[in-house]
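Peer 1: Read off the chains here:
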Amino acid sequence: MIRLEPRETAPVWLSLSAPLTAVLAALLLCALLIMWTGASALEAYGLLFKGALGSRFAITETLTRATPMILTGLAAAIAFRAKLWNIGGEGQFYAGALAATWLGAGAITLPPYLMVPFLIGAGALAGGLLLLIPAILKNRLKVDEVVTTLLLNFIVLLFVNYLLEGPLKDPMSMGWPQAAPIIDEGVLPAILSKSRVHLGLVIAVVAAVLVWALMRFTVWGYEIRAVGYNAAAAGFAGIGVNKTIILTALLSGGLAGIAGVSEVAGTKGYLTLDLSPGFGYAGIAVAMLAALHPLAVVASAVFLSAIFVGADSMSRALNVPTYISDVIVATSVLAVLVSGMFTRFRLRFR
Amino acid sequence: MTAILKLVNISKRFGSLTANDAISLSLEEGEILALLGENGAGKTTLMNILFGHYTADEGHVEVFGKPLPPGQPDAALAAGIGMVHQHFSLADNLSVLENIMLGTESLWAWRQDTAFATGRIKQLSRDFGLTVDPMAQVSTLTVGERQRVEILKALYRDARILILDEPTAVLTPQESESLFETLRSLVDRGMSIIFISHKLNEIVSVSDRVMVIRRGKVVAEQPIRGADRASLAEAMVGHTVHAPKGDVLAPGDVVFQLQNVSAGAADGGQPLVDVDLAIHQHEIVGIAGVSGNGQQTLADLISGLCRPGSGSMTLFGNKLAHYNPDVMVKSGVGRIPEDRNRVGVIGEMTVQENLISEKRRRLPFSKFGFMNAKVIEDHAARQIDAFDVRCQGPHAETRLLSGGNVQKLILARVLDAEPSLLLADQPSRGLDVGAVAYVHEKILDARARGCGVLLISEDLEELMALSDRIVVIYHGRLSQPVNPEDITARDIGLMMSGQSEAA
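Chains E and G are the protein sequences, given in the same order. The opening position of the first sequence corresponds to residue 1 in the working numbering, with each subsequent residue numbered one higher. The opening position of the second sequence corresponds to residue 1001 in the working numbering, with each subsequent residue numbered one higher.
Below, simulated DSSO-like cross-link-like pairs (lysine-lysine); rule was C-alpha separation at most 30 Å, straight line:
| no. | chain 1 | residue 1 | chain 2 | residue 2 |
| --- | --- | --- | --- | --- |
| 1 | E | K194 | E | K268 |
| 2 | E | K194 | E | K50 |
| 3 | G | K1245 | G | K1199 |
| 4 | G | K1374 | E | K243 |
| 5 | E | K268 | E | K50 |
| 6 | G | K1217 | G | K1066 |
| 7 | E | K83 | G | K1374 |
| 8 | G | K1374 | G | K1330 |
| 9 | G | K1006 | G | K1066 |
| 10 | G | K1359 | E | K142 |
| 11 | E | K83 | E | K142 |
| 12 | G | K1319 | E | K243 |
| 13 | G | K1330 | E | K83 |
| 14 | G | K1359 | G | K1330 |
| 15 | E | K142 | E | K243 |
| 16 | G | K1006 | G | K1199 |
| 17 | E | K243 | G | K1330 |
| 18 | G | K1199 | G | K1217 |
| 19 | G | K1359 | G | K1319 |
| 20 | G | K1006 | G | K1217 |
| 21 | E | K243 | G | K1359 |
| 22 | E | K243 | E | K83 |
| 23 | E | K83 | G | K1367 |
| 24 | G | K1374 | G | K1359 |
| 25 | E | K243 | G | K1367 |
| 26 | E | K83 | G | K1359 |
| 27 | G | K1330 | G | K1367 |
These are computed hints drawn from the structure, not numbers from a lab. Note that the structure is a prediction, hence the values are computed from the model and not measured.
Here chain E stands alone, though its shape is the one from the complex:
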């Protein structure tokens, strides 16, 4: 019989190696699936690796794709720390992108060194305010935020759809549902020549460091963690639980909003309905894979992005469906969650 016994402390080597082992195990499991399609698993993973990291172009593409995922991953990580289950990263992403389009496509013109921070601030505000609605409903009426944040995604997406077909439609777009491009002053400049990597990546990494510092060194971080771990005890100690939830919502929604700004003003240049292939939802997987640690979110986002980018070229070459990337991501997240259990418990065989 096997029993689980809680560990008093987990050794450092275990805490570090467990998630890596888990990802390896996930790749092994998915190898079976690849073999099932008739392809060679080794070849498939080789192509995946090459497609994601095998050339300068591949690496820059992976980093470009990782940029919004770092930000939505941070959004999920900080909210989940406070046990505010924000599933609405996708909606907040579009809220941020919408704010950037509304203000940045010609409505206001500032010099670039002001315009870029201005758009980022506006996008963060839009994302934050959007998440404020579920947060207030949760505080006042105990409405489950999983439901409200999830459903708000569809409301925002349909609203963006309406705007792109109507008021915001670019007259120069030859009938395509897309908004006017962000003016040059507001565009996030490329930081590597001959690539799509832009300032958004720097912003995302700085944001990760700031979130880490916030959680670790400040009273706010202390209060967010306390509320997440045990709201009853936090309230007893005099921490304003509702206030903390509001603060967390503003931060989390704001980060997802910045992701939207980064995509619209950095990667694509204009707003469309397919601006995000699910960056908001991917952020949840990123955060879970990183065990909600803000710095690990960066690595986790790059890893997942590499899988997505690499799977594209793999599937082109081997005719393995691209869905395999979703399966690898999902299996990795599950495996990492299970490995988290091994760091907290010890198996006893008898």
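Use these hints to put chain G onto chain E, whose structure you have.
Peer 2: For chain G alone, kept in the frame of chain E given last:
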């Protein structure tokens, strides 16, 4: 007389901890064997092995001369062993009848034979004086009645050996006495009982034989006749224990006062109805009562978790403008909550983080919103030392601490602020004798310093020993205060069950 139950050389280890170390025990027909020991001594582990919840690493169990297969609660039930746990295992939304029948019938039976079961339950109730209505829903029963249902459940399954784990922890003195009568009538009819407790009084009054366990080992075993309480206590703890006693002190100014206060409970519990209460400096006011009679609301009021609906509440002579935990802490109220693990500390956070939870926003612990790690760590190291909190250090996760050490941590946090009013809600519940003495000593120190103390407890002995005045709470109302020297525990028990007004 023959032994109907034998445990032979039972050993059980959890990691590096030896919970049971070669314990042998035999139970004879028609006797009550008391198992005495502190929390964590290994009593419950031993009984869980007997009942098949755990498997022993070494040793075996024999019932009626036959070996009992290890690790199978089914086999223990079939062999006639019944267990009444400290925390009842009843379904609140089912009737007494349904609870008792649960698990006794085949899953494939077409219909329940309720008529037969009702008859049998009524018969058992009559035979053993266990009055309870089989049709009543369990959620409507008192704690004493629920315990009777648990005993009936065991009897219904033809238990010949009954194990009771800390059965009196939740009962009033009257209910305990009626339980003891039931137990005696059970053994008169040939039942055998193992009675687990750490209360010496009841062991002496109910059992035939006592076995003392300390740190997983049997340290004494003797007939109760001729047993000396002091020596039993010493055997249990391993050294002599001096119960701390407060000096006689004249009460000073009023520190806290409620006048005609009514207050609704935050979570739908028993509200307070038209309550008057005053606590003075140098005074411990004890609140006695069966749990659920409004103690929680009273504690929430002082903790700042709820506000008075009507009437006036004054703290150090001032009426409060805001009611929240922060205001209370800043005004000089120390609060030891009832549920120390769920409300008192945050288990996933470190000891040092929990020690500053109430003053995280104050200098020198934080400045401009940034925590000062060095100050927090040094502060924790000093507090751990001063209050003898046994842990790996300031960075240890709090959930790894034992109950007694969590309570010391809370005491350290609360008393460091030198409060002028102290709420101590069930401060010694579930702690071992040594830790209880420590908690009492600290409360008495606070009183000597001039602090007014409100002590809420379900342990009458504790209330009688510490309180300067005792007030009984019943259905949200408070009795007139009584002097513990002028009243017996029995009389307080009557007031607790609403059967008499102030003595």
